[in-house]
Structure formats: structure tokens, C-alpha cells
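Student: Chain residues, written in single-letter form:
There are 6 protein chains.
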Amino acid sequence: MKRGIGHYQIGDTFEGFVLIKESTKGTASNGKPFLTLVLRDATGEIEAKLWDITQDDESIFIQEQIIHITGELNQFRGKAQMRINAIRIAQTTDGVQVSDFIEKAPVDREELMEKLTEAIFEMENPTIQRIVRAVVKKYQEPLLLYPAATKNHHEYASGLAHHITSMLKIAKELCELYPQLNQDLLYAGIILHDIGKIKELSGVVSTSYTLQGKLLGHIPMMVEEIGHIAKELKIDGEEVLILQHLVLSHHGKAEWGSPTPPLVREAEILHFIDLIDAKMNMLNRALDKVKPGEFTEKLFAMENRAFYKPTFEE
Amino acid sequence: MKRGIGHYQIGDTFEGFVLIKESTKGTASNGKPFLTLVLRDATGEIEAKLWDITQDDESIFIQEQIIHITGELNQFRGKAQMRINAIRIAQTTDGVQVSDFIEKAPVDREELMEKLTEAIFEMENPTIQRIVRAVVKKYQEPLLLYPAATKNHHEYASGLAHHITSMLKIAKELCELYPQLNQDLLYAGIILHDIGKIKELSGVVSTSYTLQGKLLGHIPMMVEEIGHIAKELKIDGEEVLILQHLVLSHHGKAEWGSPTPPLVREAEILHFIDLIDAKMNMLNRALDKVKPGEFTEKLFAMENRAFYKPTFEE
Amino acid sequence: MKRGIGHYQIGDTFEGFVLIKESTKGTASNGKPFLTLVLRDATGEIEAKLWDITQDDESIFIQEQIIHITGELNQFRGKAQMRINAIRIAQTTDGVQVSDFIEKAPVDREELMEKLTEAIFEMENPTIQRIVRAVVKKYQEPLLLYPAATKNHHEYASGLAHHITSMLKIAKELCELYPQLNQDLLYAGIILHDIGKIKELSGVVSTSYTLQGKLLGHIPMMVEEIGHIAKELKIDGEEVLILQHLVLSHHGKAEWGSPTPPLVREAEILHFIDLIDAKMNMLNRALDKVKPGEFTEKLFAMENRAFYKPTFEE
Amino acid sequence: MKRGIGHYQIGDTFEGFVLIKESTKGTASNGKPFLTLVLRDATGEIEAKLWDITQDDESIFIQEQIIHITGELNQFRGKAQMRINAIRIAQTTDGVQVSDFIEKAPVDREELMEKLTEAIFEMENPTIQRIVRAVVKKYQEPLLLYPAATKNHHEYASGLAHHITSMLKIAKELCELYPQLNQDLLYAGIILHDIGKIKELSGVVSTSYTLQGKLLGHIPMMVEEIGHIAKELKIDGEEVLILQHLVLSHHGKAEWGSPTPPLVREAEILHFIDLIDAKMNMLNRALDKVKPGEFTEKLFAMENRAFYKPTFEE
Amino acid sequence: MKRGIGHYQIGDTFEGFVLIKESTKGTASNGKPFLTLVLRDATGEIEAKLWDITQDDESIFIQEQIIHITGELNQFRGKAQMRINAIRIAQTTDGVQVSDFIEKAPVDREELMEKLTEAIFEMENPTIQRIVRAVVKKYQEPLLLYPAATKNHHEYASGLAHHITSMLKIAKELCELYPQLNQDLLYAGIILHDIGKIKELSGVVSTSYTLQGKLLGHIPMMVEEIGHIAKELKIDGEEVLILQHLVLSHHGKAEWGSPTPPLVREAEILHFIDLIDAKMNMLNRALDKVKPGEFTEKLFAMENRAFYKPTFEE
Amino acid sequence: MKRGIGHYQIGDTFEGFVLIKESTKGTASNGKPFLTLVLRDATGEIEAKLWDITQDDESIFIQEQIIHITGELNQFRGKAQMRINAIRIAQTTDGVQVSDFIEKAPVDREELMEKLTEAIFEMENPTIQRIVRAVVKKYQEPLLLYPAATKNHHEYASGLAHHITSMLKIAKELCELYPQLNQDLLYAGIILHDIGKIKELSGVVSTSYTLQGKLLGHIPMMVEEIGHIAKELKIDGEEVLILQHLVLSHHGKAEWGSPTPPLVREAEILHFIDLIDAKMNMLNRALDKVKPGEFTEKLFAMENRAFYKPTFEE
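Read top to bottom, the protein sequences are chains P, F, Y, U, C and A. Position one of the first sequence corresponds to residue 11 (the numbering used here), numbered consecutively onward. Position one of the second sequence corresponds to residue 11 (the numbering used here), numbered consecutively onward. Position one of the third sequence corresponds to residue 11 (the numbering used here), numbered consecutively onward. Position one of the fourth sequence corresponds to residue 11 (the numbering used here), numbered consecutively onward. Position one of the fifth sequence corresponds to residue 11 (the numbering used here), numbered consecutively onward. Position one of the sixth sequence corresponds to residue 11 (the numbering used here), numbered consecutively onward.
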């Protein structure tokens, strides 16, 4: 049996439990109402149409409901779409729960927390260490739960912490290769850079942007947060300013959301480590779905490129 | 007698007191040391060369020293340059002081403060009013002293407050014409939008950027400051978020330093009022220096355009 | 009862008279012909599908026909669409006429004309006054009838004159605040700047671009027109050139349709007044449709931004 | 003997008559006045410094004065500069006149006029023919005298007519290769496209931009002119509109000064013929100055590229 | 009778043979499968829907199958779409074959080859001639068969050779007008510039990109090919380098695929000749389909412009 | 004693041996000839003026001559400039040679070669290994000698090999962190990506661009070279194409010189590793010259940013 909806292809028949991610009512060309459902499990998602619905159907097949479904995968305007043969609400006796249908980081939370703790522990500059520790303590729970984005890369449970720990690993090696890098600063920048996403995003299921996420964005919010925490800890050395700068500049240029570009060595490198880990995450997941000799689908967040997997890859 | 260095032209002989704004040593082609002086008074500035200097000269003619000078204005590479005939240090008995040589806003501080107070007084939303009042109180002194920029527009003493009060006047009229505008929000946005410059700039004489000005910029610093003040005042309604958004977005687009563009009606209008007042300030001062039928010099901050004064202007 | 189609929402049932703005025949997936109708009244427009049509239907439900309709508003691909329950042609006895279904400026024509006359009357430069008066006299009727655009802003009957008079109001205040502005020039620029739209657009119902509108555009046509009128009036002072420049440069940069950028003070300010009034018109109408705490739909002409109405707005 | 100043190189000694194109006074580092002269003849131009000048020198060595000069060519900041050994004003007996020192098209005026007349004669559409004939008649004298630009390409006496006739030759061949092209339209567009330069430029000696050239530009002025002439001839067919469109769109895009891009086949081709002839003119003159195996200087108007002349060119 | 599918319009009924270019299965809103067919003949292509298909239909109506079809042309989302009335597979007895349905250059292969041979024959530089002759000999067959692109311009059988020979004709005339041009180089550049397309494209029916076309592109592949052939011929003069440069730079700038811009006179001109011929090919075919007084559809490869055919064109 | 010219500052007096990198003759304002010398040693370079030179001086103080010099460092237009007190040609007895004055990689050639050999040895795909080994063998000598650029980064002897080996180190770690990466491909891409510089650059002293460097560039030349070597080795698997793609795409986008963007996972990562190592090289060398609390000079190749060294750096 296949592992999940993300592994089915055009022509396959799917049978199993899925979560309704979105449900929208429409009117068909014959004048009858229907539902467009976006269905997901931990491996991917697919659109499906439920035709000729009753008012009951409308009130039952709603967002975040788990259902059991049977259907065929067809192609519609170049995308897969499921034609539903049978559908029913999941029962308590089915033993399924919402968290089963959400993609998770490939590393568990304890391990992620351990890696964060270890990085903080290695810091030698006490000011930097105190600030980072206070931030991680304050946001520990969501930090281990949140995705790093609503889509594109690390958009799964614990994605944020997974992204941070991968970046820490790259940083460790670069600090060895380039001893001029200040490891404390780089580690701190990596841990702090995206924590503002916890205020920017709504959560881990059906993730969307919060009002403050839309009106301010995670970067200025995190700059402010570092200021508040430094105030509370009564710290005001140049370290505070530099950490704020690292967060502020980590998107690299104004057009990408950093009103000040990196002006400190570690800020520049932080930006590149962030890019590499985000891109590897997108590339690996897209290439995982294709066979040697094939191209991936076009990846929007990578300038719409389709990537090729050479035939000599196993 | 002419009113100041800014009103002299190529071919004129200048005699009077000026402030040394910058002093740099160089070596002439005959191998002898010389000083390049940038001289200023309240009306403008000019470059001058002091040839064949002694070690004494070097230690006397330094930045922020007032001097009495006689010289002729020549053209050098398309710019005016003074050829010094006589130069001496100002004496106490000359009765001149540094503040005499700094350009000032055409409106005095009391009047500026009064206009600010009046705008705050007119606010009806108590939350907005409290935040604005607290910011103005905290920064009152520098707010009335600082320029709005190091160059281009309102780059004179009290320039910041002058800029704000001119903008308030435009806002008042727009609120009348478009009653849908929330006057409290627009006034508050105008008063707060550039106060971060007080942290970004070094002061009013020989203004330069501070370290935090370079690494963070006035916009994120002011967003943070509003957060701090709201915390101190124990305010956390949506007003705080909207005021932060107004400040954050007032440069209009990411490329111009606003990571989030205006997404609230008053934010959009704030951006345009800011542009109009800055441009009028530049244009009026540049056109003031030319006669009808002439073009101004090229204005760097206005896409390097040279503006024309029609012959039918009086 | 609701005021018009623009105020109905998904789920509502509409009943009333509307104008057919567009009617296009298609073939449904069951092989039968249908009509896609765009329906409008003075408050807005909506798409509707008329299924299983006869040849009669096709010849009756045509562009600019008024109909009485009953139907439900559903969502289709993220936009509202009406499902028609009943439809019939309006009768003479219904007492409705095409002009009832066209959006109009909120100010009537007499008042608009009065404001224009007053602005011309205030002019002191006789050359400028004569040219403006001649243009307004020549185009008086369409000037009071035309929209200012086919979409985005002031796209309603008398929109052009409404746009001009709002701009004159802003100009009046700016001239007071900045006495250096030449009021005659600025008023003249405002009145003339978009009159070329009368040649560029086809009229006020189902507005489209004329051939000369597409091949030349309103800006070069109006520059030429000023030249013709000055010739007829036997005027050739610098005023003619400056007025042509104001019209030519009012879009601000080459990319936006002004081959020469503003090079006269009033030209620069004209550009900004034009922007402010266009943006306020779009923003007010979009925000009018949402409740506090909501975002507007994405506004294409404002870089696709969705604007937020704060919860503390009444 | 060498043919003119444009053919001398670093290290050469020049002796001969030249025209003073510009003369600017400066002050040397020893405090003495000097003149910076830009000297030209029909083959090129060079900068020279005249040190330690008297007041007499200043009033004698002025713009458009012919002088006899001896000097050495040195390098200064990467450009050639003449070190003057001897200088004197030209006498009547020297038999030299200003027009000797101005570069001219390699084809004489009679031939240029003949080619223009022939192209007009070949036109079959009487409306197009009448308009073009009227324009050429009205501007015949300056059309045969003016350069096509102040610099970069065809910036010599009769440059405008030379540019037009070269373009006509290319057009003739393209019309043969692509019989779909309307030869009348293309010829007319070529003849009219740059005639606005006659109003835009000041003349053929020390060419600069006129006020209307700066505030309107040759394109909108020529669009207007076609309108005036059509009015006078009482012509108003679609031909007038299309000819105006050809002129308006001939720079190809808004960023390059055409608010409307080419939307008629001949307009598109006109733009490319214009580009080819301008580029060939620049390239040929730059490559003419270098030997096989060398690069030209950087050509500003060709994106600052330096072009290579292959060694196998003779 | 009309000449082919490209000449039918909305409302017409078509009857005749066509080739299935693409066939895609979908599911209709009534749950039944259907095929979306793209049908073509030598004059154009159209989309058609085949509703309620059987499994047999699916296996019969496949890509590259010739069919006989009757149907009506309707409008669907602004594009023509055929509503199929009758459809059947072509029989051997119908006497039709795939090559009948592919658009061809308006000049036959013998004539194209003759023109190529003649151009090579005219070359005087033996090195250039040997390289070009070797390339043409190696690729002669596909060179006469391939299109010049998958869409936009010369996208028909022999399009590549047709494009080359048209360009040679323009080049001949330009070399006459501008004798400074090296005709050998220009001819060689024209013949070689797009031959890499033979490796980049899959062939002449259902043309797509090859793997090396996607990963390298025709320009670097052709640069390499010239190197290989020069090696085989044991040639290594500067001519090889210059020919490689001509191919490498013929797209004009980095953004358009030429990492080095044209730096040799003939390279610059090659780029413009390429543009003119591609544009004329697109324009002529688009304008051929409309009547005087109409606009063409929007041409994607020409910045989405719709071109106008003047009413005074016959 | 200080370590070299790169460590002297304004006000210091320098005495020692340097190499003349460039020597240009000029004429001073007193009419006398002088030389502008660019002097360098292994630590940096400086400009110096030699006034009132004789003809002998001119023929002695030429490019690549070693001299002994005494002088003072002054500031001239914001850059350091040496005022020469004494100057003489180096003698054989001075025991200095050109290679002493050229900056070298901080790692010696044997070690660099060893690291390259090791990387090749680790490869498992025999095709990739054979190609890389052949290239390295063919270019071994210059590969260990050449800089990686004429300026900006790794612009010193063995800079190319130093850049490659640093990149290999980063790659090794990334392959461990992201096991999906094909290490053979990534190593091969790193070793090959810049070897075309050996043809593009003139050598290690006074490095400039070769003719083929200017007309083709290192990227297309290396793509071709891989093709030649694969031909010689009679290899034509997909590996050749992928290696060519890695080299072709390593600048990341068309605007930066890669006509095809990275479309293979390792190509994308190669681009980022290249950027990181180049940036670290520039940053470390620039920050090395400033003290904590200072900004570096503006770095042209890093968007003209000046970087800050925090005060808490030791």
C-alpha cells in the first residue's frame, strides 16, 4: 500500500483517511451546488469536487474535518484532481486525529530542543547568551511547534526549529573553515532570525498570516522583541544593536524585506545560510517525487524553475 | 551688503565670518601641504583652498572653528570655489557664535511646539492621543532642535519639527476634503513618522549618522519605540499596531525602506504628504537661487532634474 | 431594501432592474449554448450565467438592454456570480432608463461647472486664463459628462470634472501653504491635464478606448490641442509652452507615459495632486464596502494591495 | 601632414588652426588664473590648458574664435590633453572661417535634397505625400543644415538629412524583401521622425537644447506640427493619425521617450531602421580611429562597450 | 471553400481533415470523462472538446492521429473553441498524411539551399568559408527541415533556413550601404547563429526542447560546435574566436541569453537583422489574419502588443 | 617594523622596496611632466606622484620595475597617496625579486594540489572522475598559479586553487548535512567551474583580460573545453552534459553571465558555495584592516557596502 496522498499519481485510485483543509461551495453549470474540497494528509494534498451536494453535506464536510474517501485521480488543467466515488465522516472508532494529517519535521522535538540548548550552551559572550536564552525560554513551546512558513519551505510542524537546527549545523562548519567568524553572533542570529514568525503566523494547522503579520511582518516585530527583552534584562551593550541588525538584515536587501542590508560579517553569512537551507528543503522534497531522468514541477519560490534529476542518480 | 555666502556668485569677493564645516589636509603638486576647507554660514556653504600651510595653520583651522575670511569666488570643475586672500580666527570680541552659522527653520520653536500641541489636543481617540503625547514629551527638546535629514530637505535646525508642522497643515485640509480620513490617525502618523531620526542622526551641527542609524535606521527604531512606550503606558489596543504600521510603511515601498507597504488608508496618504512637503522644500530653496528664465542646478534627490523658473514668474 | 447590486453579498438573493453591460455566448459542457452576462447598476456590477438559452434569448439579452432579474449570489473561483432564477426585459411601463444604471459623481454638473468657472475666474495671468477658458468652452459638454478613466478611479459619469474639482481644492490649500506656487499655472494644469481623455475614451456608457486614444494617448493629443488653441487665439508666449509641459509631464516619468518629467515646480506638484485624488477615490470606494476589522479585495491599480479598515473606525 | 586634430595621438606635436568650442576660466594651485579650452576642427576635438593668463587673454580666447596653435598631446586622467607651446588669434589673411572647423556629412546637400525629393516623388498615397511635402518645404533649409543630435551619432552639419537618407535606403530594400510593408508610410515616417530636432536643437555650431527642446522634446513637438500642417492643408484622414503615431512611437518604448509603443507594422520597422543607422554611424566612426587588433574607446551611447576590430580586417 | 482552420472565425462551421496535436483527458462537471483536443492543419490550430467519451475514443483520438471533423466555432474565455458535431479517424483511402498538416516555409528547400550555397560561395576569407561550409554540410538535412523556434516566429517546417536566407538578403543590402561591414563575417554569423537549434529542438512535428536544449541552450552548444569543427579542420586563427563571439552575442544582452554583448561591428548588426526578420515574420502572419481597420490579437513575443492595420491598406 | 605597504596609514612614513604596477606620464599645472606610479608589495598597493621628472626617469621607472622608496602617506581625494621623498632602482645586490611583491594564497601549492587530488580520489562515478582528472592534469601548472580574478576576491597568486579548495571544504560538510546531494557532481562542479579563468586572464602579474576572455568569457570557454576533453576521452554519457550545465549555470542568472540558470540540485548549491567563499574572502581581508568599532571602506563588489566590526570583537 502507498504511503499517503502525496505519492499517488494520475490514474491511481485512492482509498483512505484525509483531512479537509479547505471547503468552498460553488454552483455547477447544471445549476446545482457542489463543494470544492482541498484534502490533505501528512504527505501532500489534492483537490476534489463533491457534486450535487445536499444542505447536510455542506454542514458536514467542513474545514478541519477528517473523512474517509475513495476516488480516482484525474488531470484537470494540468493539475491532479480527485473524482470522488465514496465519502464519509471519520468516526471515533476509526482512531484517527488531526495531528496525524499534518506533515512533521523529520526530526523530533526533543532532539531539536537539545540542539538549540547545545548551541546556546556553547556561546561565550554572556550578553548574547542571556538574550538568546531568554527569547528561547519565552517562546519555547511555539518554537518547537510552528512551521517556518505557510508554504514553499519547512511548511510543516516543527519546521521552524528544524530550519534553525539545520542552519546551526552549516554555521558550525563555516566557523571552523573561516575562524574570523564570531560563532556566538552567528548562532544567535540563526536562532533569533525567524522567531518573529510565531507572531506572524496563525499556527500549525491551516496556517495563515495574523493581522500584525500582515501589517508589520516578522522582521520588525522580532527587532522590537529583542529590544523589549534586552530592556527587561537591563542589557544595553552593542550586542543588542548587533543582534537586532542581524535579524533586520537577514533577507539581504530592501526589496526582499530588509530595510538595512547586512553590514556585519555574520549578518551577511546568516543570509546565505538561510537561503541554502530553504532551497535544499524545497529541492529535496520536489526531487524526491520524481524519478531519474525527469524534471520536477515548476517551483514557484525558485523563480519557477523545474529541476532535473540526472539519470545516473540512483 | 549681501546676506550670506549662499547669495554670492562666481566673480564676487566675499568678506565675513564663516564656520569651518570640514577641514582636510592634502599635498599640492608642488609638494607643499594645503587645507581644503568647507565653509558655511546660515545661508549656504562653499569650498576653499588654503595653500602652503604651516603646522600651526593645520592645528588652528579645524572643524567647527569660526573664522573671518576674505576671498574671491572662482569656478572649479563646474562648482564655485573660494580663493582665499585673507583668513583669521574669530575672537571673543567679534561677538559671533556657532549657532549663528547654522541654517534654521523659517518658523521659531515656540510656534512649532504650539502647532504640535494643538494637533495633539484635537485628537479624539484617547489611546492615540496618549501615545503621541508621551512620545512628544519624551523627545520634546531634540524634536524642536533636529534637522529632518543630513541633506536634501529640511536639513537645518528645527527642520524636523518644521517638516511635521507643514505636513499637519496639508493633512488638515485633506481631512476636510476627504472626510473618510481618520484625522487622529493621520496626525499621529505625521508626528511620529520621522522621530526615529533623533536616534538616527548625530545632532544639528555637522550632522552625521549614528551607529544605530546605520545598522537599523530610523524606521525600525521608531516602530520599536512605539512598542516600548505602549508597554510603559500599558496600552495594547489595535491602535498601537496601526501606529507602528504607519511609521513602518511611510516610505511607500520596500526598495525605499518600508518592508511593508501602506495597507491602511491614512498610511497611504501619509506617504504622499511626506513626499509633497519634502519636494516643495527642495524646490523652493533651489528655485529661490535662480532668476526667471533660468534652470536650477541638478537636484540629486529629485532624480537629478534641473528645474525651470518661467520668465513670467515675478 | 438594499441600495443596489454593489451592496449584495454571497448568499443574498437579488431582485431588481439591472443593465446588461456585456453579453457573450458560450457552449456548456452538456453541449448547450448559454450566455455570460455582466450586469450593472449605479452601485456595481456582477457576472451571471443564463443556461440553456434559445435563439430568442440570444437576440434579446444584449448589451445595453435593461432587464429585471431575480437570482442568488454564489461564489465562483473567488468572485461573486449570480445564479439566475428569473429574468425579463424591462418594459416602458417600468419607468427605468439607461442613465439610471450608470454610476455618477456624488456632485452634480452645475456645481462642478461652477467650481471650474470660479477657478478660471481667479486667474490673474490673462494668457493662461484665455487658453484655459477657450479649452473649457470648446469641451464643456463632454467635460461635464465623461468619466476620468475606463476603470480604477473616477470611472463614472462626470468623473473627469469631479476629479478636476477635487484636485483644485487641494491645489488651493497647497498654494496657501506654499506661497511660492504659481496658482494660475497650477489651476490651469489641473483643468487641462486630463481633457485629452475626451478624445481618448469613447463616452460614458461601456467606455472603451478610441483609435486615436490607442495610437496617441490623451497626453500627446492634449499637448497638440493646446498648440492649436493657442494658434487660433494668436497667443505664443512662454505660457503656452509651460502649459504644454504641465500636461506632458503630469504622469511623472517616462515609464508612466510622460516622455519629459516635471521640470517646473507646478508640474511636479500637479503630478502629486493627481495621484492623491486618484488614490483617495479608489481607497474610499473600496473601504466603503468592508466592515471595520476587514481587508478590501486586492486593488489592482494600487499594486494589488488589500487595505485594512481598523476596528476602531466607526 | 596629418588630416586634423582627430588623427593625432599621445606624444604627437600638433600645429595648425582650430576653433575654440568652449573656454572656461579657473584658478591654478599656485593661485594664478588659467583657461581650459576645448578646441575643435572638422575631425575631432581636444582639451588644452592655457596657464598664467592675462586679462587680455581672457577676452581674446573666447568661444567660436579661430586660433593658430602649437602644442604637444599628453595624457591626463586617461584622456588626451594638449600642452600649449604657442597660440595666436587667426587673421583675416589666414583665410580660415568657422565653417571649416565643423564636421560635415560625407554627402553634400544637393545630393541629400535630391534623395529626399525622390522618396517623396515615389509615394502613391496623395494624403501622405502632401503632408510630407509640406513639412519638407517648410523646414527645407534647416533640414539640410542641422545635425541629428548634439553628440553620439550624426552630430555634424547635415547630419539630420544624412541620417534620413541612409534610413530611406535601408527602407527601400526592406520593402522589397517584405512586400507587406507600406512603402509610403515607411518613407514618410523616416522623413518626419526627427524633424522635431530642428526645434529641439539650437543649430549646428555649439549645438545645445532649446527651452522647448528641454520642456517638450522633439517627439511631442513633431506630433503637434503634423497636426498643424494637416489642419492648414485641411486633411484629416486616418493617414494623419498614423503619421503622428509613427513619429510618437519611433523610440520604441516609454522608457526611451515614446509614450505609445509602435502599434503599426511600419512604426515597428521604423524604430529598428533608426537604431541600425545610428549604431552604424557611431561604430564606423569609432572603429575608423583604431587599428586591426585594437579596441575602440568605450562608447557611452552603446552601453559603454568598447568594440574590437579583428586583426584580419585590412 | 476556405483554405484551412486558421481562416475560420467565431460562428463558422468547419468540416475537414485535421491533425491531433495534443489530446488530454478530463472529467466534466457531470462526472463523465471528456477529451480536450488541440487540432491543427497547415494554417493554424484550435481547441475542441469531445464530451462523454468511451474508452475506445480515448485510445483512438491520440496525438499525431489525423481525423475528419465537423463542428462549430464558439467563443470560450475569449478564445475560439470548436464544438464537435461529428468526428472520425482518417482512412488510408482519404489520401492525407501528417506532413500535409504541418505549416511550411513559403519557399521550397531547393531554393533555400541554393541561397545558402551562394552566400558561402561569395565569401572571400577562406578560413571563414571553410568553417561555414563544414557546418552546413554536417547539418544540411535538419537545417533545411527544422523550424527556427517552437512558437512565435518561423515555427514551421524549414523555418530555420527561411529565417537565415531572409537575413542574408538584408545583410547583402546593408553591406552595400555600409561598405565598412565585413560581408564574410556577417554572412557567416547569420548562417551559424541559430544552427544550435537543431540540437535544442526535438524536430518539426510537435516540437519541444531536448534535454541538452534545456540544460545548455542553443547558443553555448553552437559555440562549442564551432570549436569542435575548427579543431577537426585544424584551424585556429582569430576567425574562429570571432565566429564564436558572433554566435555567443547574437541575443544582444545577458538578460536575453548572451553572456557577452556584441563587441564586434558585425555582431551588433547580426543582432538587429535577427530581430527585424523575426518581428516581420510575426507581424506579417498576425496582420494577414485581420482586415483593415482592425487590431491583431495580442502578440506575446512582441511585449503583448496588438497591432493595427490602417483602413487605407488595401 | 610594519609588515608591508598595506599596513601603513595616513601620516606614516614608508621606507622599503615596492614593485611598480603601473606608470603613467602627465603634465603638472606648472607645465612640467610627472609620473603617476601605482606601487605594490605582497600586502597592498598605493598611488604616488613623482614630480618634475627627467627623460631618464621616464625610461627607468616603468611597469614591473622594483624600486626602493621613502615617502609620506597623505590623503588625496579621500584615498591615501604617497609623497615621495627618495626613490631608486633596486640593485641585484638588494636580493629582491618580482615574486616577492605579489600577494600569495595563505596555503602553499603542494597543499592545494593535495586537496584537489584527494577530492578527485573520493569520486565514485568513473566518468565524472575521468573528466575532472583530465582537466586538472591538462591545466595543473596554471591552476596552481593563477588568481581567481583580477580584483575583488582571491586576486592573488594561487587564488584560483585556494578558492576551489575552500569551496570543496564547504561542499564536504553540506553533503554530510544533506545526504541527497551527489558529492561527485558537486566536487566536480567546484573544481571545473572557474578553470576557464586560465584562458580568460593573462597571468598572475598585472593580470588583465585576454582577447578571448573579453569576447567569450570563462564560462562558455570552459563549457567548450569539457566538450573537447570528453571527445578526446570518447565519453558521451549524460555526465558530460550535466558537468557542462554546472559550469554554465554557476553564476546563477542570465544577468550575471549564466544564460541558463541552475536546473540541477548540485548546480544550485555550487552557485551558493561560490558566493559564500568569494564574500568571506573579501570580507575577511577588508575587516582585517580595521579596528573594532570601525567601518571598512566601501566594498564595490559587495554593492558598495561598508561593513562594521563590532566593538566586542577582539
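You may find that some hints are simply not true.
Negatives, chain C to chain P, calculated, CB over 10 Å [stated by the list, open to error]:
1) Gly14
2) His17
3) Thr37
4) Ala100
5) Ile112
6) Arg119
7) Lys182
8) Leu225
9) Gly247
10) Trp266
11) Gly267
12) Pro302
13) Lys308
Straight-line C-alpha distance at most 20 Å; calculated DMTMM-like pairs for lysine to aspartate or glutamate [as the list claims (entries may be wrong)]:
14) Lys209/P with Asp246/F
15) Lys244/U with Glu128/Y
16) Lys59/P with Glu183/C
17) Lys209/U with Glu248/Y
18) Lys89/U with Asp22/U
19) Lys224/F with Glu248/P
20) Lys263/U with Glu248/Y
21) Lys224/U with Asp246/F
None of these hints come from the bench; they were simulated from the model. The beta carbon of each residue, even a glycine, is placed where N, CA and C say it ideally should be.
Student: Run every hint past the structure and note whether it holds.
Tutor: Taking the hints in turn, this is what the structure says about them:
The Cβ of Gly14/C lies farther than 10 Å from every Cβ of chain P, with a closest approach of about 28 Å, so its non-interface assignment holds. Remark: the non-interface label on His17/C is consistent with the geometry, its nearest Cβ contact in chain P lying 29 Å away (cut-off 10 Å). Non-interface call for Thr37/C relative to chain P: violated, since the shortest CB-CB distance, roughly 5 Å, does not exceed 10 Å. Every C-beta of chain P lies more than 10 Å from that of Ala100/C, the closest at about 27 Å, which supports listing it as non-interface.
Interface exclusion of Ile112/C from chain P stands, the closest Cβ pair being 25 Å apart, more than 10 Å. The beta carbon of Arg119/C sits about 34 Å from the closest Cβ of chain P, which is more than 10 Å, so the claim that it is off the interface holds. Under the 10 Å C-beta cut-off, the non-interface status given to Lys182/C relative to chain P holds; the minimum distance is some 41 Å. For Leu225/C, the non-interface assignment is contradicted: its Cβ lies about 7 Å from the closest Cβ of chain P, within the 10 Å cut-off.
A cut-off of 10 Å between C-beta atoms confirms that Gly247/C is not in contact with chain P; the least separation is 37 Å. Trp266/C, annotated as away from the interface, keeps every beta carbon of chain P farther than 10 Å; the closest lies near 16 Å. No beta-carbon of chain P is positioned within 10 Å of the beta-carbon of Gly267/C; the least distance is around 15 Å. Every Cβ of chain P is farther than 10 Å from the Cβ of Pro302/C; the closest lies at roughly 37 Å, confirming the non-interface assignment.
The claim that Lys308/C lies off the interface holds: its Cβ sits roughly 21 Å from the closest Cβ of chain P, which is beyond the 10 Å cut-off. Between Lys209/P and Asp246/F the alpha-carbon distance is near 15 Å, which keeps this suggested pair within the 20 Å criterion. Note on Lys244/U and Glu128/Y: the hinted pairing is violated, with a Cα-Cα distance of about 36 Å set against a maximum of 20 Å. Distance check on the hinted pair: Lys59/P and Glu183/C sit about 63 Å apart at the alpha-carbon level, beyond 20 Å; violated.
Straight-line distance between C-alpha atoms of Lys209/U and Glu248/Y comes to about 15 Å, which keeps the hinted pair within the 20 Å bound. Only pairs whose Cα atoms come within 20 Å are accepted, and Lys89/U paired with Asp22/U is accepted, the gap being roughly 14 Å. Restraint check for Lys224/F and Glu248/P: satisfied, since their Cα atoms lie roughly 13 Å apart, inside the 20 Å limit. Taking the CA atoms of Lys263/U and Glu248/Y, the gap is near 29 Å; set against the 20 Å cutoff, the hint is violated.
Distance check on the hinted pair: Lys224/U and Asp246/F sit about 55 Å apart at the alpha-carbon level, beyond 20 Å; violated.
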